[in-house]
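**Q** First to last, the sequence lines map onto chains A and B.
Numbered by full-length UniProt numbering, the letters in the first sequence go through residues 1 to 249 in order.
Numbered by full-length UniProt numbering, the letters in the second sequence go through residues 1 to 249 in order.
Source of the hints: derived by calculation from the structure; they are not laboratory data.
Any given hint might turn out to be false.
As the list claims (entries may be wrong) - EDC-like mimics (lysine to aspartate or glutamate), calculated; alpha carbons at most 20 Å apart, straight line:
id, chain 1, residue 1, chain 2, residue 2
1, B, K173, B, D247
2, B, K153, A, D171
3, B, K150, A, E186
Unchecked claim - If we take Cβ atoms under 8 Å as the criterion, some of the chain A residues that face chain B in the derived model are:
id, residue
4, E3
5, N72
6, H86
7, I112
8, Q119
9, E186
10, N190
11, N196
12, Y208
Quick reminder that beta carbons are idealized off the backbone N, C-alpha and C, glycines included.
Chain by chain, the residues:
2 protein chains.
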Amino acid sequence: MNENINLLMNHRSIRKFEDKLLTREQIEVIVKCAQSAATSSFIQAYSIIGVTDKDKKMKLSELAGNQSYVANNGHFFVFCADLSRHEQIGEMENKDLIPSIESTEKFMVALIDTALAAQNAAIAAESLGLGICYIGGIRNNLDEVSKLLKTPKRVLPLFGLAVGYPAQMTDKKPRLPLEHVYHENEYRQNNEEYRNQLQLYNNIISEYYVARTNGERNDTWTSQMANMLEKQSRMYMKEFVQKTGMDLK
Amino acid sequence: MNENINLLMNHRSIRKFEDKLLTREQIEVIVKCAQSAATSSFIQAYSIIGVTDKDKKMKLSELAGNQSYVANNGHFFVFCADLSRHEQIGEMENKDLIPSIESTEKFMVALIDTALAAQNAAIAAESLGLGICYIGGIRNNLDEVSKLLKTPKRVLPLFGLAVGYPAQMTDKKPRLPLEHVYHENEYRQNNEEYRNQLQLYNNIISEYYVARTNGERNDTWTSQMANMLEKQSRMYMKEFVQKTGMDLK
Numbered sequence: 001m002n003e004n005i006n007l008l009m010n011h012r013s014i015r016k017f018e019d020k021l022l023t024r025e026q027i028e029v030i031v032k033c034a035q036s037a038a039t040s041s042f043i044q045a046y047s048i049i050g051v052t053d054k055d056k057k058m059k060l061s062e063l064a065g066n067q068s069y070v071a072n073n074g075h076f077f078v079f080c081a082d083l084s085r086h087e088q089i090g091e092m093e094n095k096d097l098i099p100s101i102e103s104t105e106k107f108m109v110a111l112i113d114t115a116l117a118a119q120n121a122a123i124a125a126e127s128l129g130l131g132i133c134y135i136g137g138i139r140n141n142l143d144e145v146s147k148l149l150k151t152p153k154r155v156l157p158l159f160g161l162a163v164g165y166p167a168q169m170t171d172k173k174p175r176l177p178l179e180h181v182y183h184e185n186e187y188r189q190n191n192e193e194y195r196n197q198l199q200l201y202n203n204i205i206s207e208y209y210v211a212r213t214n215g216e217r218n219d220t221w222t223s224q225m226a227n228m229l230e231k232q233s234r235m236y237m238k239e240f241v242q243k244t245g246m247d248l249k
Numbered sequence: 001m002n003e004n005i006n007l008l009m010n011h012r013s014i015r016k017f018e019d020k021l022l023t024r025e026q027i028e029v030i031v032k033c034a035q036s037a038a039t040s041s042f043i044q045a046y047s048i049i050g051v052t053d054k055d056k057k058m059k060l061s062e063l064a065g066n067q068s069y070v071a072n073n074g075h076f077f078v079f080c081a082d083l084s085r086h087e088q089i090g091e092m093e094n095k096d097l098i099p100s101i102e103s104t105e106k107f108m109v110a111l112i113d114t115a116l117a118a119q120n121a122a123i124a125a126e127s128l129g130l131g132i133c134y135i136g137g138i139r140n141n142l143d144e145v146s147k148l149l150k151t152p153k154r155v156l157p158l159f160g161l162a163v164g165y166p167a168q169m170t171d172k173k174p175r176l177p178l179e180h181v182y183h184e185n186e187y188r189q190n191n192e193e194y195r196n197q198l199q200l201y202n203n204i205i206s207e208y209y210v211a212r213t214n215g216e217r218n219d220t221w222t223s224q225m226a227n228m229l230e231k232q233s234r235m236y237m238k239e240f241v242q243k244t245g246m247d248l249k
């Protein structure tokens, strides 16, 4: 075990921040760490938009489902999958890169690249004593978000990252049992074992909620997941992604 | 600056490893760190397959384009986007989750979740003095890879992560200028400035190659990208993803 491992293992999302902005230096360190992540074939298929304008932050907060910590934080980053510069490169180098740019494969590459960079940013921030929260809620209404941030064609805002000085303590939620997530040499498919693991995990999660809410909440992981996934959310996504010019071909 | 920042900033891919396996403890620490990453609405939509069987590693190495370090390393992880357990949860909880599971939105969520977890694994490994290399090459032939690893429906192998004791020193490749990747409040779209930044970066990358290859290689970033993207690769991906049961609806 070492300091880095401790930091990784102790992640929890922070949803309340002190009224104190990050310094320019902190922001640049976080972005440079993001850029240091591995990138598929060196493609660097992302851009990061820092939002400092108060009105824009308020508007983003509304769009993300009225999450106050989207407006109130030390800095708000929006991570975008970005193949627009590769389109420009096609023009500069006089080559037709559009079939690649519009492929499902490169859409996946851009998403993965963006997420790897974002996770480095998150860890860099946490190592500076800051708290973070990923904001998938910006995908509630990407039409409005992309207008607000003026993202061009082939740029897809994926998620926000609220960063700031923590003004709350939160507990770490227990994850799925390691043996449920980690397989060796092949994917185990023993349904009975699988469901037993899920039941075991349900007990852990239920106890976690009971202890933290004086018994007011006792839901299991599988019931949480079923309720969340039963509601069909963001079903406009395919159409939006294609409109943005990542065509899922 | 701190130890964590140093670690993040000093990442480089390692493609040659000593003949020494990771211990069970190292593997478990790496997986636990992966699991500690943020996960969208707690969905935990990934699985990790560790490959230790020598024949399987050889076969994966071939499938990934004859990359020897896929076979020869301390441990080989395959990170998979996984919505299969959520399908089972639908059965357990008696709810129809299929429209969600087959949506483009949840496909994106699963990819992002998997990449965040993988980047934590990569950093954990590097903090233990190990080197890492992401292997997107497994996507060259996912049909064979998924047969080899027996991944069920709704599980999509995304990339490998070769981990081991470094047997080479490599240099860190300079990333795009920060001001090219980082925007504030809105996405800047000044094409002239944009192309100037790319030219500047081209010079940096070209000098980087010249210095490291005794002048044998001097390609620019934009030419590299144009050559890479001009070749249409893995155009079967959409069909495969849909066959796997992440239907991009």
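**Q** Which earlier hints turn out false for this structure, listed by number in ascending order?
**A** 1, 2, 5, 10, 11 and 12
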